[in-house]
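These protein sequence lines map, in sequence, to chains A and B. All residue numbers for the first sequence refer to this note's numbering, where the first residue is 2 and numbers rise by one. All residue numbers for the second sequence refer to this note's numbering, where the first residue is 2 and numbers rise by one.
Treat the hints as calculated values from the structure; they're not laboratory data. None of the values given here were measured: they were computed from a predicted structure. The reader is advised that the hints may include incorrect statements.
Same chains, same names: a pair is fine if it fits in one copy or spans any two.
[Claimed, not checked] With a straight-line cut-off of 30 Å between C-alpha atoms, the simulated DSSO-like cross-links for lysine-lysine are:
| hint | residue 1 | residue 2 |
| --- | --- | --- |
| 1 | K39 | K482 |
| 2 | K103 | K467 |
| 3 | K661 | K43 |
| 4 | K303 | K440 |
| 5 | K576 | K467 |
| 6 | K512 | K160 |
| 7 | K376 | K318 |
| 8 | K318 | K440 |
| 9 | K103 | K440 |
| 10 | K307 | K440 |
| 11 | K307 | K376 |
| 12 | K576 | K376 |
| 13 | K318 | K372 |
| 14 | K463 | K482 |
| 15 | K612 | K467 |
| 16 | K137 | K109 |
| 17 | K411 | K372 |
| 18 | K576 | K372 |
Protein chains: 2
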Amino acid sequence: MKKSSPVLIAIGAAVVSLVAVPQAHSDEGMWTFNNFPKQAVKERYGVSIDDAWLDHVRLSSARLAQGCSASFVSASGLVMTNHHCAHSCIEQLSTPARDLIKLGYTAKTEADELKCPEMEVNQLAEIEDVTERVRKVTAGLSDQKYNEAEKAELSRIEKECATSPDLRCDVVTLYRGGIYNLYKYRRYQDVRLAFAPELAIAFFGGDPDNFNFPRYNLDVAFVRVYKDGKPAMLDHHLAWSAGGAKEGEVTFVSGHPGSTGRLLTLAQTEYLRDVALPERLLRLAEVRGFLTEYQRRGPEQKRTAKHMLFSAENAMKALRGQHGALVDPAFFGRLRAEEQKLRQTVAGNPEWQKLYGGAWDAVATAQEQQKALRKPYNFLELGLGFTSDLYGHARTLVRAAEERGKPIEKRFREYRDSALPALTQRLFSAAPIHDELEKATLTFALTKLREELGADDPVVRKVLGKESPEELANRVISGTKLKDVAVRRALWDGGKKAVDAANDPLIKLFKIVDPDARAIRKRFEDGVEAPIKKNAELLAKARFAAQGTSAYPDATFSLRLSYGRVEGWQEPGRKVTPFTTVAGAFERATGREPFDLPATWLEGRARINGKTPFNFVTTNDIIGGNSGSPVINAKGEVVGLVFDGNIHSLGGHFGFDEAKNRTVSVHSEAIIESLGKLYGADRLVKELRPRAARTERGGPLGGGALLRETSRRARDVAAGEPAAAAAPSTPTPAAPVAR
Amino acid sequence: MKKSSPVLIAIGAAVVSLVAVPQAHSDEGMWTFNNFPKQAVKERYGVSIDDAWLDHVRLSSARLAQGCSASFVSASGLVMTNHHCAHSCIEQLSTPARDLIKLGYTAKTEADELKCPEMEVNQLAEIEDVTERVRKVTAGLSDQKYNEAEKAELSRIEKECATSPDLRCDVVTLYRGGIYNLYKYRRYQDVRLAFAPELAIAFFGGDPDNFNFPRYNLDVAFVRVYKDGKPAMLDHHLAWSAGGAKEGEVTFVSGHPGSTGRLLTLAQTEYLRDVALPERLLRLAEVRGFLTEYQRRGPEQKRTAKHMLFSAENAMKALRGQHGALVDPAFFGRLRAEEQKLRQTVAGNPEWQKLYGGAWDAVATAQEQQKALRKPYNFLELGLGFTSDLYGHARTLVRAAEERGKPIEKRFREYRDSALPALTQRLFSAAPIHDELEKATLTFALTKLREELGADDPVVRKVLGKESPEELANRVISGTKLKDVAVRRALWDGGKKAVDAANDPLIKLFKIVDPDARAIRKRFEDGVEAPIKKNAELLAKARFAAQGTSAYPDATFSLRLSYGRVEGWQEPGRKVTPFTTVAGAFERATGREPFDLPATWLEGRARINGKTPFNFVTTNDIIGGNSGSPVINAKGEVVGLVFDGNIHSLGGHFGFDEAKNRTVSVHSEAIIESLGKLYGADRLVKELRPRAARTERGGPLGGGALLRETSRRARDVAAGEPAAAAAPSTPTPAAPVAR
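Let's have the full structure, built from the sequences with the hints guiding it.
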């Protein structure tokens, strides 16, 4: 493919005016790179952003395919992201005897860089509008046919595009159905860990401080992308700024916000508020209680369950914030007023009313259907009833054996050809699987399956028979051979014949579930997905007609750019200033988890400059999935690293409030300062700032946690609403999450 | 006091027409005994209920003071209630070597009956209207003064009435403030366990089947009240029916529904829906996850945490039902319409409008205040941050030392003289306290304290210092001497001087919390309780003015009578028949918990008649706290034993739907059949049916669980909303629960 080809500026032929009417009075917006409001930025901040700047920043931005953002920060493939985004990899590289989560890791030489078993890094090379092509095949079709035709066409487009495993092609649906853009990524699956600090400083303050500020987190990790066994040479990467972010400075965040629900209809938002969020929160709370106590079984259990617990706690806090926003009468009143205004505008134009006027009620009807189907759909098809990595492998093998034999337009989307490289990376991952945790999570899930569908549900009876959830979980996990990667590979290669002949208890368990799971999926797709998709297109058109294209689309885990500035905010009775310093971490430390500083810091206290800015806040509009995004100044240089939002930003899922919503980042100086002064990572410092020796000052550094990345299993255990629609980001097609 | 004195028929001088306008078309209502709609029952069921019948049933009814209902079923003090209502006692009487929860217990002789450490049984001897007396002292006062004057007067009334420890006097506030009635109870604190089946059959189907039907639960226990070391001789008790409940038969339930919210304003209901219920549910879910895994530490941990886990699961299911009702648009729409109708009626009468028109908004304002204060209030004053029996004892000792020195009208209500017998029964209880569980629950609570108030909250900092929640919990529980009843007694007897001199770590911990707890309580009482109380009186008057007194008051854990009939209900696509049989339990059994029948049943299968009715449903209107209520036929005989409601009944907290809400009971024949054929409890069978030898038929039996009774600690751990307003019933004044 072409390198750094210019982005095709088109978000859809239906849209004529591509230069947005600037929203000069707000930093709101997660803008696509082909519809960035340059004029608004110029008017508000006096900064001129041109296409070359946008191309450079886009090509210097990276996505971690399992759910985070990142950036390229050297010509030799160095990638900066959050510690909490690399947590899975770091945990997978750990052993009971060498816990890199606890100890941290600094690769002294390139040869010391450790390969992550399941990490995939994407670089957005090109965006192409394919709206017309999709519209052509769906035009005039009714809900179900529309849905099937659309999915088939997306799979065809992606297959044509993905001519090599190094190329990842995803059609992104923008504005919830108005526009289809093909995002072409360079794909890197050989990704190696270069640096990670100790969790104690990466996530200093732990869950109590999560989503709060002031903060003191060195939530950073460096990985490196390799090509043919050598560090990948890159044409674009972000330079490191001298001195980092300053108060009042304009800041840009380039990253991959996972999901927002700002364009949902009221019926959809009410469903989230009343049904989906409470149910998901209850599950998360129970998972949290269970894992907290599970960790007390012993140090090894503590180690292996750590990331899963973090994911649950992080999601829980995020979703509580979302729920809190929706039950706030003033906040929800604004959402209601916006929908009413749009509906009135549409109703005032007879042609629009005829074309679009029925869409809201149609979505509401589909939403009722979703409420009715959600439990069997979530528990059987989305797998809430069977949270286990090994069960996931069994499912992938059985489903793939069936689906790969079908023509592409008949397959489940997650088994389309272009999805297979990511799918097989996970399936053949050498990451350790912990039997005890597998048994515990599967027991939990089966218990919930029985609880939510009822002990007399026919599928529940088929699954459990006379066994208790615990007995069943222990039997299938003890008996399966799927822990062996070679066994999984043989079954994959052997296809349907091999899978049909397999006597593995997990394969057999999934085969019991599969017919019912497929049946409920069919009902869900026809009764919920199809009408929502079809009517979402109408709603998007109505919005374009009534309001123009000055709006940005909802987040979709595709690359977006937001702008803002370094600024604190006002709490009742006190002003929150935008910076913390390294010295503050020492003051806050109690020596007890999660307020315990690692030995590196305690011993190195005299070496590190306490005045170094540690964390800071900006007005950028972000959401889960933006974790790991670079904070960039007007010159396109790194001034920080996004790792969290403040507590007010959680309502940002449904609407942005510039007065209070803040992005929380590690200051670029804190990174340099700690790498050099505490971790002996001079190799990386030189790589980040090749000409920095002369500009070195007192230099500061920083750390914290906006978790959006979620391990597959943690996501499954904790789910209850689309990971996307929920909090920790990343809708990975192969592992959908509950509705 | 007089025995079986006639109830004073007066629920308030302001109310003129005491004979209710019959609601002939519904079985709705939890009626007070002095305002029972006899005419409505006659019209609907052709059954004449006279005052003698009412007196007999009232005096044959019993209350378990910690949160359940019961009945006197023999002249020698035998009391029938649910197994789940006696669970705490049975657990307290167990040891690691002899687990009566698991094994069951049958006292072969009177001498074998085992004394429950903390059980108190009440018999309602008399009701006296004291409305005028209270109104006299509150007339014309503003919120705060009104509240203080009211509470002082209630304490005085109760003190004057409670002339002996054998007498319990509680002023009951009816209609949320319209009416004050003094309930005079005979109090029994020497209560002994006579019979309990194994938990496996008492709660067959466990949490999965809880609140469901068909059911197969032998949820029964018999205790006996003693007086001067001998079985108490009773003038009134319920006779046992021949054959038990029949389909279509009229049924009465006499019991103590804990709390309903049917007369709450919309603002209060919205607060529950949006804030209090979600928060309480999240806490319960986390407690549940934690305790489920805690039980896996070992068999002793499983045994000692069983009731606490059951309480959490039961409450969780109940509250999910309440939340589900409130987020149902049709259900909530009815509540909204009712309030609007009343407000319009009031607004249509200028005098009423002037007197009452402002009350709704005043309550809404207080509700906003509650939202603002709820976290420090719940965690510090209501003790959510410190759930531990031993901490509870420390708190009682410190507070009592202070409060007992004050004149009665200045004391906290829970330390008024008339409350002390119940309070000291708990404080001096010999029930075992399990250090490991204490440490675990206190660790949990302290973690939530830090989480909800924030790590930087001044009280949190004072409490934790540099310790982690776990370190603090371990230190204070290991270090305290309060496990020793003699130490508690000495501190109680030693009063303020002894408590001030105490060096006990739990006493010291509570002393750190006490000033802030008192301060937030003051703010809460003045800003929330006072305006709500004052305006609730206005709302009650408005309702009486607009609608007459044909209504029943919200449940208040005081004696109520409901009427109905044995009848199934219609589910989509299927009719649920009202009876199950003993044979059904054997069919449902899997041999795995919670579907495992005990050995008694498996071995005795041939002896017991499988056709015996086991459980059944009726249309009676009940709620948590009714657990253990007798189901009575028109002749006043026992035909069953209430232990649960069906899943639809959970919304009954806010409104009754006769089409679907059902009471679930153990059939009286199932009790007799199992006592005689399986448990060798002929002694009890003869006592229950002294003339039954000749009427004996094939006889059936039954079991299940509507938990309302909650152990003190379980309630604390799980709380988040008034135990009362929540689910498991029983507002015990000494252990209030979160708002």
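**Study point:** Identical-chain pair category, K103 with K467, by Cα at 30 Å
**Key:** The answer is between: 21 Å across copies meets 30 Å, while 42 Å in one copy does not.
Point to revise | Within, between, both or neither, where K307 and K376 count as close if Cα-Cα is 30 Å or less | key: both (28 Å within a copy, 28 Å between copies)
Review point. Between the shortest in-copy and the shortest cross-copy C-alpha distance, which are at most 30 Å for K307 and K440: within, between, both, or neither?
Key: both (16 Å within a copy, 22 Å between copies)
Check your understanding: For the identical chains here, do K576 and K376 meet the 30 Å Cα criterion within one copy, between copies, both, or neither?
Key -> between (45 Å within a copy, 23 Å between copies)
**Study point:** Within, between, both or neither, where K576 and K467 count as close if Cα-Cα is 30 Å or less
**Key:** between (61 Å within a copy, 27 Å between copies)
Review point. Given identical chains, is K463 near K482, meaning Cα to Cα at most 30 Å, within a copy, between copies, both, or neither?
Key: Cα proximity of K463 and K482: one copy only (23 Å, versus 53 Å across).
Review point. At most 30 Å between C-alpha atoms: does K661 with K43 qualify within a copy, between copies, both, or neither?
Key: within (23 Å within a copy, 63 Å between copies)
Check your understanding: Is it within, between, both, or neither for K39 and K482, if the alpha carbons may be no more than 30 Å apart?
Key -> Neither: 56 Å inside a copy, 70 Å across copies.
Review point. Between K318 and K440, at a C-alpha cutoff of 30 Å, which is it: within one copy, between copies, both, or neither?
Key: both (26 Å within a copy, 26 Å between copies)
Review point. Quick one: K318 to K372, C-alpha cut-off 30 Å, is that within a copy, between copies, both, or neither?
Key: Close inside one copy (24 Å) and across copies (19 Å); limit 30 Å.
Review point. Using 30 Å as the alpha-carbon threshold, which applies to K376 and K318: within, between, both, or neither?
Key: both (23 Å within a copy, 16 Å between copies)
Review point. Are the CA atoms of K137 and K109 at most 30 Å apart within a copy, between copies, both, or neither?
Key: Close neither inside one copy (55 Å) nor across copies (84 Å); limit 30 Å.
Of the numbered hints listed earlier, those contradicted by the structure are 1 and 16.
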